[in-house]
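According to our numbering, the sequence shown is numbered sequentially starting from 387.
Wrong hints could be hidden among the right ones.
Okay, derived cross-link-like pairs now, DSS-like style, lysine-lysine, Cα gap no bigger than 30 Å in a straight line [as the list claims (entries may be wrong)]: (1) Lys-460 <-> Lys-500; (2) Lys-557 <-> Lys-460; (3) Lys-460 <-> Lys-689; (4) Lys-510 <-> Lys-491; (5) Lys-510 <-> Lys-460; (6) Lys-653 <-> Lys-689; (7) Lys-798 <-> Lys-720.
Quick caveat, the hints were computed from the structure, so don't treat them as lab data.
Model, not experiment: these values are computed from the prediction.
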Amino acid sequence: MGNSSKLALALVGLVLGASLVACGDGRDGAEGAAQQLASAVSALDVGSVAFEGKESGAANDQLKEIFQGLDPDKPAVQAGQLTFESDTATFPLNYTWKVGAEEWKYTVSAQLKKSGDKWLTVWKPAMLVPDLADGEIITRATQTPQRASILGAGGAPLVTYRPVVNVGIDKPALGGADPSDSATKLAQLVGVDPAAYAQQVAAAGPDAFVPAITFREDGSRTITDEQISAIPGGRAVPDSLPLAPTRTFARALLGTVSEANAEQIEKSGGALKPGDTTGAGGLQQQYDAQLRGTDGIVIRAQKAGLTTAEIQAASPDPRRVLFETGIKPGTPLKTTLDPKLQQLAEDVLGKVGPASAIVALRPSSGAVLAAASGPGSNGYDTAMLGQYAPGSIFKMVDSLAMFRNGMTPDSKVDCPATLTVDGRTFKNAEGYPESSLGSVTLRDAFAHSCNTAFINARDTVSQAQLESAATSLGVAVEAPALGAAAFLGSVPGEAAGTEHAASMIGQGKVLLSPLAAAIMAGSVAKGAPVAAQLVLNPNEGVTSPGAESTPTAGTGTGTAPAAPPSGDASASASAAAPATAAETPVTAAEAAALADMMRAVVTSGHAGFLAAVPGEPVGAKTGTAEFGNDTPPKTHAWIVAAHGDLAVAVFVEDGGLGATTSGPLLKEFLTRAS
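Required output: the full structure, derived from the provided sequences and hints.
This is the structure we're talking about:
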């Protein structure tokens, strides 16, 4: 025998020997088959698994039909310890499904049979779900709780389910009419895009109801059921939706509720599915998890092809419940908003063209009673998030810093007609009284808002002192108690030359929101910094609120657009980070001196029109802040006031003088609120 023949025989011997070792009693092969089955079922694809007595493709089709009702979910499946008996191997399959926030776990038994040198899986539906019979499938039904309400002061419902009608084309009711013609006529009747709606109707299935628009059923609807039903297929279907009292009521602050879109579903990490309603913007988005609650989910086994009619007619229910999660209603969000004052603020701003806001709060408790953004804000939350130069209302901060340097309301200051700092000329507002020029008391300079007197104090009041005085009045600080996205102001701790001079009259890089302005006035009325509060029970009933649920008030970030639509749109980029809290809170004595000067604005200054407001005496401060590059420059108009236990700020973005533009709005609000 040649060497090559000997080598060949040796190789054959090696191969045979290896085969005998590999086969042994076949247990390795069985374990491999068990692992392959577990992996395949985890992927819901058993097309590559060899079955006994069933073709792989047919088994795969049946598996997909069984689990179609759980799509797109897939289980995690693990094979357990094998038990051998003759040519069979039995082993447990441990399943884990994610169902909502819970896990559905179960164990079933699977079997392998040896066929020659292979282990084949014995097909039976019960290896997929306990006791599942041939011809049965798995279904999932979701029970969605009603969305919880947003409540105002005293538990008054602000956003709650209110009656609506969904107007659309009911395709089965067309009765042979042309769907495109009906869709076009209905779209023209209700004021939606006819071409787009006709396309929607054409694309929908033959049994679909295709909504065109939703109307409130509050008596304001002008299009009647008769007009709708006169169009073939036209229907008005009664429904209810979580709505505020009116379409515009606190809309920028509260946000809206609508069906979740693809982007919201994707971002929700499985919390939302098609057809769910969810919050968009404002408190509805920020507290969506609290308001939405948790769906109840029921997993059942039932005969394939079972109809709804058959289920309803049968007793007992022909379906078996395999697993269910409890339905958990949402928790109402409690806020401090006063519905009457909020509506009043919106009514007062109703005819104001530019972006505008009225914020009212209760100094004693910090409760925000109204935070209205006018129609000119175009949906932006000017009241809470606006970032604007405050102008002369900031002289309240200047004055506090001057008190801390030893001055009183009776101290004398110099009020020239003009003042030049590093080549930039500052002057007083148009119409400033000549009788209040020259050497005047600080009270008089404050009452008539003498710019030059306060700029003259720049050498004795540092920028750091201004920043400290601002935080003392509750602004340019964080607002952990507020519970809503807000901007509470920004006062740089360092500034020199003309920028420091500009800061003294609330310009330069000094920024406040209308909310911050109301807090500042409220802190004077309270005699201590006001900690504003809007939401009383943030994230109640929510185990792990998302990042959106806890915005940091003070930074200007949150659930609304990051910058105002006009005016100081670029200012948000330069806003300094807020302090955590006031370094040296305003004292009762300091606040009393400020209140004395705010009262002088009404008794002897240019807010005399507020003297007629009924009830307790009103103290106020007006402000006009230049912005933009126009000649003459445009101005923000501000006024703040304290009236008993009520502090109010009124702001108009492009508004002329604070006294003449915002003043009458404030007078109307305070008079009607009394």
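Contradicted hints - numbers only:
2, 6 and 7
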